[in-house]
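Residue numbers (our numbering), protein chains in the order written: chain A, 36 to 276; chain B, 5 to 296; chain C, 60 to 387; chain D, 168 to 398.
Because the hints were derived from the structure by calculation, they are not lab data.
Note that the Cβ used here is the ideal one computed from N, Cα and C, for glycine as well.
Don't take every hint at face value.
[Unchecked claim] Straight-line alpha carbon distances no greater than 20 Å define the calculated EDC-like cross-link-like pairs of lysine to aspartate or glutamate that follow:
| id | chain 1 | residue 1 | chain 2 | residue 2 |
| --- | --- | --- | --- | --- |
| 1 | B | Lys92 | C | Asp258 |
| 2 | A | Lys264 | D | Asp387 |
| 3 | B | Lys36 | D | Glu256 |
| 4 | B | Lys92 | A | Asp131 |
| 5 | D | Lys242 | D | Glu337 |
| 6 | A | Lys127 | B | Asp95 |
| 7 | D | Lys290 | D | Asp228 |
| 8 | A | Lys130 | A | Glu102 |
| 9 | A | Lys130 | B | Asp95 |
| 10 | D | Lys242 | D | Asp228 |
| 11 | A | Lys130 | C | Glu103 |
| 12 | A | Lys130 | A | Glu105 |
| 13 | D | Lys319 | D | Asp365 |
| 14 | D | Lys251 | B | Asp180 |
| 15 | B | Lys36 | B | Glu141 |
| 16 | D | Lys172 | D | Glu256 |
| 17 | D | Lys362 | D | Asp387 |
| 18 | D | Lys172 | D | Glu195 |
| 19 | A | Lys214 | A | Glu234 |
| 20 | D | Lys319 | D | Asp230 |
| 21 | D | Lys242 | D | Asp230 |
| 22 | B | Lys92 | C | Asp257 |
| 23 | A | Lys127 | C | Asp257 |
| 24 | A | Lys264 | D | Glu371 |
| 25 | B | Lys92 | A | Glu170 |
| 26 | A | Lys130 | C | Asp257 |
| 27 | D | Lys270 | D | Asp230 |
| 28 | A | Lys127 | C | Asp258 |
| 29 | A | Lys130 | B | Glu97 |
[Stated by the list, open to error] If you want the footprint, here are the derived chain A segments under chain D, 3+ residues with CB under 8 Å:
| id | region |
| --- | --- |
| 30 | 73-84 |
| 31 | 220-231 |
[To be verified] If you want the ones that stay clear, here's a sample from chain B, every Cβ over 12 Å from chain D, calculated:
| id | residue |
| --- | --- |
| 32 | Arg89 |
| 33 | Leu152 |
| 34 | Leu162 |
| 35 | Ser169 |
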Amino acid sequence: MTDSPVLLRIEELTTVFGGLKALSQVSLDINPGEAVGLVGPNGSGKTTLVNTVCGLYRPASGRVILEGTEITGHRPHLIARAGINRTFQIPKPFKDLSVYENVRVSSIHSRNHTSIEGALARVNLAELANHPISELTAAQQKRLDLARALALEPKVIFVDELAAGLTPGELHEVAEMLKEFQSSGIALIVVEHLMGFLEQVVSSVLVLSAGRTIFTGPLRTALEDVEVKRVFLGGESDAGN
Amino acid sequence: MLFEYAIVGGILLGIFYALLSVGLNVVFGAQKIINLAHGDVIMLGGYAAWELYQTYKISPIISTIIVVPITVVIGYLLNRLIAPRLGKSSDPEMLSLILFFGLSQVIEALSTLVFGNAERSLPINSIPTSPFKLFGESYPADWWVSALVAIPLLAIFLLFLYRSSVGLQVRAVISDSVEAAVAGINARRISGLYFGVGFALAACAGVWGVFIFGGVSPTEGPAITVTAFAIIVFGSLGNPIGTLVAGIIFGIFYQLAQVYVPSWSNLVPYALVIATMLTRPQGLFGRRQRVA
Amino acid sequence: MPKTAEIKTLQNTGSKTKTLISPAIATLVPVIGFALAIHVYSNELLLTYMAIYVALAQGVNIMYGFTGYLPFGYFGFFGVGAYVSGLAMLNYNLPPVVAVIVGGLGGALVGAILSPLFRLRGAYFAIGTLAASEAIYTIVANPSLQSITNGPYGLNLANYYSSGMAYGSAIALVAISIIAVSYVRGSRFGLTLKAIRDDPYSASMAGVNVPRQRFYAWLISAAIAGMAGSIFGWATSVFYPQAVFDSSLSVLAIVFALFGGVGSVWGPTIGAVLLYSVYNAIGISNPEYFQLIYGLVIVLLVLFAPRGLLGFWNFFAQKIRRKRVTND
Amino acid sequence: MLEIKQMNSGYGPMQVLWNLDLMVNPNEVQIVLGANGAGKSTLLKVIVGLLPLWSGSLLMDGDDIAHLPVTARVKRGVGYMSEKGIFPELTVEENLRLGGLSKKRGEIQDQIDSVYQRFPELKERRGSVAGGLSGGQRKLVGVGRSLISQPKVLLMDEPSSGLSPRYVSEVIDRLAELRGHMTLVIAEQNISFLKIADTVSVIEGGRTRFEGSVTDFTNDDNLKTAFFGIE
Numbered sequence: 036m037t038d039s040p041v042l043l044r045i046e047e048l049t050t051v052f053g054g055l056k057a058l059s060q061v062s063l064d065i066n067p068g069e070a071v072g073l074v075g076p077n078g079s080g081k082t083t084l085v086n087t088v089c090g091l092y093r094p095a096s097g098r099v100i101l102e103g104t105e106i107t108g109h110r111p112h113l114i115a116r117a118g119i120n121r122t123f124q125i126p127k128p129f130k131d132l133s134v135y136e137n138v139r140v141s142s143i144h145s146r147n148h149t150s151i152e153g154a155l156a157r158v159n160l161a162e163l164a165n166h167p168i169s170e171l172t173a174a175q176q177k178r179l180d181l182a183r184a185l186a187l188e189p190k191v192i193f194v195d196e197l198a199a200g201l202t203p204g205e206l207h208e209v210a211e212m213l214k215e216f217q218s219s220g221i222a223l224i225v226v227e228h229l230m231g232f233l234e235q236v237v238s239s240v241l242v243l244s245a246g247r248t249i250f251t252g253p254l255r256t257a258l259e260d261v262e263v264k265r266v267f268l269g270g271e272s273d274a275g276n
Numbered sequence: 005m006l007f008e009y010a011i012v013g014g015i016l017l018g019i020f021y022a023l024l025s026v027g028l029n030v031v032f033g034a035q036k037i038i039n040l041a042h043g044d045v046i047m048l049g050g051y052a053a054w055e056l057y058q059t060y061k062i063s064p065i066i067s068t069i070i071v072v073p074i075t076v077v078i079g080y081l082l083n084r085l086i087a088p089r090l091g092k093s094s095d096p097e098m099l100s101l102i103l104f105f106g107l108s109q110v111i112e113a114l115s116t117l118v119f120g121n122a123e124r125s126l127p128i129n130s131i132p133t134s135p136f137k138l139f140g141e142s143y144p145a146d147w148w149v150s151a152l153v154a155i156p157l158l159a160i161f162l163l164f165l166y167r168s169s170v171g172l173q174v175r176a177v178i179s180d181s182v183e184a185a186v187a188g189i190n191a192r193r194i195s196g197l198y199f200g201v202g203f204a205l206a207a208c209a210g211v212w213g214v215f216i217f218g219g220v221s222p223t224e225g226p227a228i229t230v231t232a233f234a235i236i237v238f239g240s241l242g243n244p245i246g247t248l249v250a251g252i253i254f255g256i257f258y259q260l261a262q263v264y265v266p267s268w269s270n271l272v273p274y275a276l277v278i279a280t281m282l283t284r285p286q287g288l289f290g291r292r293q294r295v296a
Numbered sequence: 060m061p062k063t064a065e066i067k068t069l070q071n072t073g074s075k076t077k078t079l080i081s082p083a084i085a086t087l088v089p090v091i092g093f094a095l096a097i098h099v100y101s102n103e104l105l106l107t108y109m110a111i112y113v114a115l116a117q118g119v120n121i122m123y124g125f126t127g128y129l130p131f132g133y134f135g136f137f138g139v140g141a142y143v144s145g146l147a148m149l150n151y152n153l154p155p156v157v158a159v160i161v162g163g164l165g166g167a168l169v170g171a172i173l174s175p176l177f178r179l180r181g182a183y184f185a186i187g188t189l190a191a192s193e194a195i196y197t198i199v200a201n202p203s204l205q206s207i208t209n210g211p212y213g214l215n216l217a218n219y220y221s222s223g224m225a226y227g228s229a230i231a232l233v234a235i236s237i238i239a240v241s242y243v244r245g246s247r248f249g250l251t252l253k254a255i256r257d258d259p260y261s262a263s264m265a266g267v268n269v270p271r272q273r274f275y276a277w278l279i280s281a282a283i284a285g286m287a288g289s290i291f292g293w294a295t296s297v298f299y300p301q302a303v304f305d306s307s308l309s310v311l312a313i314v315f316a317l318f319g320g321v322g323s324v325w326g327p328t329i330g331a332v333l334l335y336s337v338y339n340a341i342g343i344s345n346p347e348y349f350q351l352i353y354g355l356v357i358v359l360l361v362l363f364a365p366r367g368l369l370g371f372w373n374f375f376a377q378k379i380r381r382k383r384v385t386n387d
Numbered sequence: 168m169l170e171i172k173q174m175n176s177g178y179g180p181m182q183v184l185w186n187l188d189l190m191v192n193p194n195e196v197q198i199v200l201g202a203n204g205a206g207k208s209t210l211l212k213v214i215v216g217l218l219p220l221w222s223g224s225l226l227m228d229g230d231d232i233a234h235l236p237v238t239a240r241v242k243r244g245v246g247y248m249s250e251k252g253i254f255p256e257l258t259v260e261e262n263l264r265l266g267g268l269s270k271k272r273g274e275i276q277d278q279i280d281s282v283y284q285r286f287p288e289l290k291e292r293r294g295s296v297a298g299g300l301s302g303g304q305r306k307l308v309g310v311g312r313s314l315i316s317q318p319k320v321l322l323m324d325e326p327s328s329g330l331s332p333r334y335v336s337e338v339i340d341r342l343a344e345l346r347g348h349m350t351l352v353i354a355e356q357n358i359s360f361l362k363i364a365d366t367v368s369v370i371e372g373g374r375t376r377f378e379g380s381v382t383d384f385t386n387d388d389n390l391k392t393a394f395f396g397i398e
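Sequences are here, hints too, so could you generate the full structure?
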């Protein structure tokens, strides 16, 4: 189809925990500026996929290829420096550092020594730069995760449950932020339960159930899909009628 | 004959070592911390036996029973004092390590003030004295008497843990303290009690340590703690039955080293703990557990 | 949420010179203090030991204060340093000052060998290092190795004794250790260490090479202990293995560091000077009273300042800072 | 039986429930529907006391129970079956026994026997470690333990989670047998549980979206899409 390889190619990735397949042959291609939703019930393997691609878990089989270079099983800091980053479902700031210093840790390791102020401004945290973490709300801590990712010049960001616990106003702000990232060429993989929010951000989704891909395609189509409904709504496939 | 001597002696001493370390594992089960004052509780048990014999001529066998209720109460109260404060902190594991380290220093200092620096020992005729003979070798009386006392003690402990209603609650709390609370178990009280049981087992071992170690002195605690730690890590943290088996295996290793390479035998506990932690951190009988 | 755009007191507003001045003071004050102390108090050996403890407390500071790993077995590096430098003098006739540096390298080398212990977390690491150091002691003091280490009979360095030189080296080591801590605290290296301490995985996703950064901190800390042990052996001139492989060395270094406040530059210096003075006042004749005091201090610190343990210094600083913020 | 008004709560600094209302009547089965992350589990945890109530009221039989610790609420008759529902390291029988801690020994045994009668497959595996059972059997152990403790109201957190559809319908059938005999609050995203429910509440984004009878719910098409969270 193209001469240049896709930005990130996840190829039949399988992750096993103590004999149990938490992730089974999941594949996904994503190009610059694209946004894909990653949905599925609790325990379906969404976070396992993020953790495996980001190097926290070593996959049992399959490959992760970033811009034509295989990075499967590389150590997390190398993957992060190569341009794949993430946020956390429960935000994980460095508690003893200020907001500014939090981002500085990433900036040190970026190739072009990115502007810390710039990263903070993109997530609307510039005003809080000199504050200790303890003064940030949960929503602000999630945005700090994003700022830290931005400071490493990411090509792909996995956004893990950004919307949970946000007010409608905050949701809108975050959605706009993600769209701005996209327009700057960053690819987004958005793990989300809130379909309303997801619809604002992504065009297509990958639906996981029990570690397997059960659907890929547009979000609206996914919600009409019999298999997806069964997974989300339960036994009867006609439940939605 | 040396080999048989090492094996039989190792088993006899190993039973003692099982008793010596099981309390550390019990405290770990109750509180998910390493009790760095474990060796000092053992040392206190030793002084209790010494005092009871010197002043009241009470046999160490009786003393073993006397120390149990006292140390259970002390352990329980201590747990209730520290648990809520540690629970509030951001790094309870590290803080409790430092706390028990401080406690260990306090116990050591107080024991020196009360009992003096000199090592105290008990006459061997304070216990039944005839040596034990097997395969033509004879074994010191304290070896087999301590084993004979340790076996019923450990059996009672296991019955308590696996057959009593309170023991069931203990295991439920260890398995999942939140789930236990919603099952109506007062998790704090139960883990406090179990913590006290850990102290009591340590004190019982201390009574016999006076004989096996040839005496009791205020500074013996830390070395005993490391040995006990080596044994519980080897036999899996949180698994008391693993500790019993590990204690016996340790006793055999240690005796073999004593017999064949005596100058290197002190290396056994250290080598054991490092090798276990680096190669099989979950221990002999453990399932995969996040240690590292 | 407080309106606080104007509160820029916390960091990154200080000028370059300011960031150099405070470490310089933190280094020079104790160095000059030790240099002058000898004119007031003539027990040079005791002052040497005090300087050694300042360095050890700072070494613990680098390890525990900046990575959260508590090295109970810190004395192992100390003992290795004493033996490596002592044997270097005896066997190769190295000048003592050179031997001290070699001893530091010996400490760092053992640190490198023991680095797999980093796979362990929290208490496991603390006790793992303790076991490793006890194992090294058992090997060094072993009668079977008498031909190499002189086994249980220790080393006699009386021929290399030089009044003043050892004390001067100890003061230099104090300076080195404080400069090392200041560097760690103010540099990117220190920033990444603090990030690792807060959350290792998060740090790695910020691009930090977690194992390597920890390893460097460990080597610096081990080298300081190695040099401290070397100077101790040299100044003591005759020592037995149990004197340099003494777990109470780690105990005291850790207590001094905790008491003064880990993570800071001044804390361990103040902690070591204060508590070691107390130790000399009452500890030599009545060690158990001293032990009782510091044991209680630890217990009380943990129970009543659980977030802190950064000692009174930071505790007050924080209080003052808070006051300032609320007053603004 | 249970009356919740204007409940606000969450984890740490993160607010999950926003002015939520819930009303449960005696002997009714209420299903709390919502997508993942809607706040169903949080709601149950606040009721049983595992999470603090930030503001609002929580009444049981007219009494304020919000200030009571977990064990006191359990004693008052609040039963809670978590998603996990069991102690995996303990045997089936030990798990069941933990449901009857306040009862006499003989009495517990009778009740355990009656659970075995209801769920014969548990009797066969009474000595096995509960963690080794199939997902469906594990849920039965959890249900069995809850039955023995005889709560006034039983809160069940996603009894279908981790189960294949075959087991889900089995669990539903078993719960159907309890209908009318006890007060049940079932937090679910699986709408097949509707067939055993008397009333439904739908939670979306931590807010009550709908409260009413099952028929009202099934007649409202909009609600079903709301359940997915799409405006």
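To see whether the hints hold, each was checked on the structure:
For the hint pairing B:Lys92 with C:Asp258, the CA-to-CA distance comes to about 19 Å; that is within 20 Å, so the pair holds. Distance hint between A:Lys264 and D:Asp387 is fulfilled; the C-alpha atoms sit about 18 Å from each other, no more than 20 Å. Taking the CA atoms of B:Lys36 and D:Glu256, the gap is near 17 Å; set against the 20 Å cutoff, the hint holds. At most 20 Å may separate the alpha-carbon atoms for a hinted pair to count; B:Lys92 and A:Asp131 meet this at roughly 17 Å.
Distance hint between D:Lys242 and D:Glu337 is unfulfilled; the C-alpha atoms sit about 30 Å from each other, more than 20 Å. Taking the CA atoms of A:Lys127 and B:Asp95, the gap is about 15 Å. The hint holds against a cut of 20 Å. About 36 Å separates the Cα atoms of D:Lys290 and D:Asp228, which puts this hinted pair outside 20 Å; it is violated. At most 20 Å may separate the alpha-carbon atoms for a hinted pair to count; A:Lys130 and A:Glu102 exceed this at roughly 34 Å.
Proximity of A:Lys130 to B:Asp95 is assessed by CA-CA distance (about 12 Å); at most 20 Å being required, the pair is judged to hold. Taking the CA atoms of D:Lys242 and D:Asp228, the gap is about 14 Å. The hint holds against a cut of 20 Å. Between A:Lys130 and C:Glu103 the alpha-carbon distance is near 44 Å, which puts this suggested pair outside the 20 Å criterion. A distance of roughly 34 Å separates the Cα atoms of A:Lys130 and A:Glu105; the hinted pair therefore is violated under the 20 Å criterion.
For the given pair, D:Lys319 sits about 17 Å from D:Asp365 by alpha-carbon distance, which is consistent with the 20 Å threshold. At most 20 Å may separate the alpha-carbon atoms for a hinted pair to count; D:Lys251 and B:Asp180 meet this at roughly 10 Å. Between B:Lys36 and B:Glu141, the direct Cα distance comes to roughly 43 Å. Violation of the 20 Å bound is thereby established for this hinted pair. Simply put, D:Lys172 and D:Glu256 have alpha-carbon atoms about 38 Å apart, too far for the 20 Å limit, and the pair is violated.
Of the pairs offered as hints, the one joining D:Lys362 and D:Asp387 holds, with about 16 Å between alpha carbons and a cut-off of 20 Å not exceeded. Between D:Lys172 and D:Glu195, the direct Cα distance comes to roughly 19 Å. Compliance with the 20 Å bound is thereby established for this hinted pair. About 12 Å separates the Cα atoms of A:Lys214 and A:Glu234, which keeps this hinted pair within 20 Å; it holds. For a cut-off of 20 Å, the pair hint linking D:Lys319 to D:Asp230 stands: about 14 Å separates their Cα positions.
For the hint pairing D:Lys242 with D:Asp230, the CA-to-CA distance comes to about 14 Å; that is within 20 Å, so the pair holds. The suggested pairing of B:Lys92 with C:Asp257 holds, with an alpha-carbon distance near 17 Å, which does not exceed 20 Å. Between A:Lys127 and C:Asp257, the direct Cα distance comes to roughly 9 Å. Compliance with the 20 Å bound is thereby established for this hinted pair. Using a Cα cut-off of 20 Å, the hinted pair A:Lys264 and D:Glu371 holds, with the two alpha carbons roughly 18 Å apart.
For the proposed pair B:Lys92 and A:Glu170, the alpha carbon gap of about 19 Å is at most 20 Å, so the pair holds. As the CA atoms of A:Lys130 and C:Asp257 are separated by approximately 6 Å, the hinted pair is consistent with the 20 Å bound. As the CA atoms of D:Lys270 and D:Asp230 are separated by approximately 25 Å, the hinted pair breaks the 20 Å bound. The hinted pair formed by A:Lys127 and C:Asp258 meets the criterion: a straight-line CA distance of about 7 Å does not exceed 20 Å.
A threshold of 20 Å between alpha carbons decides the hint, and for A:Lys130 with B:Glu97 the separation of about 18 Å falls inside it, so the pair holds. Check on the region 73-84 of chain A: 3 of its residues sit with their Cβ under 8 Å from a Cβ of chain D, so the three-residue criterion for coverage holds. Residues of the region 220-231 of chain A lying with their CB closer than 8 Å to a CB of chain D number 4, which satisfies the three-residue condition for coverage. The beta carbon of B:Arg89 is kept farther than 12 Å from every beta carbon of chain D, the shortest such distance being approximately 18 Å.
At the 12 Å boundary, the C-beta of B:Leu152 stays outside the reach of chain D, the nearest C-beta of that chain being 31 Å off. At roughly 15 Å, the least C-beta separation between B:Leu162 and chain D is larger than 12 Å, which holds for a residue marked as non-interface. B:Ser169, annotated as away from the interface, has a beta carbon of chain D within 12 Å; the closest lies near 7 Å.
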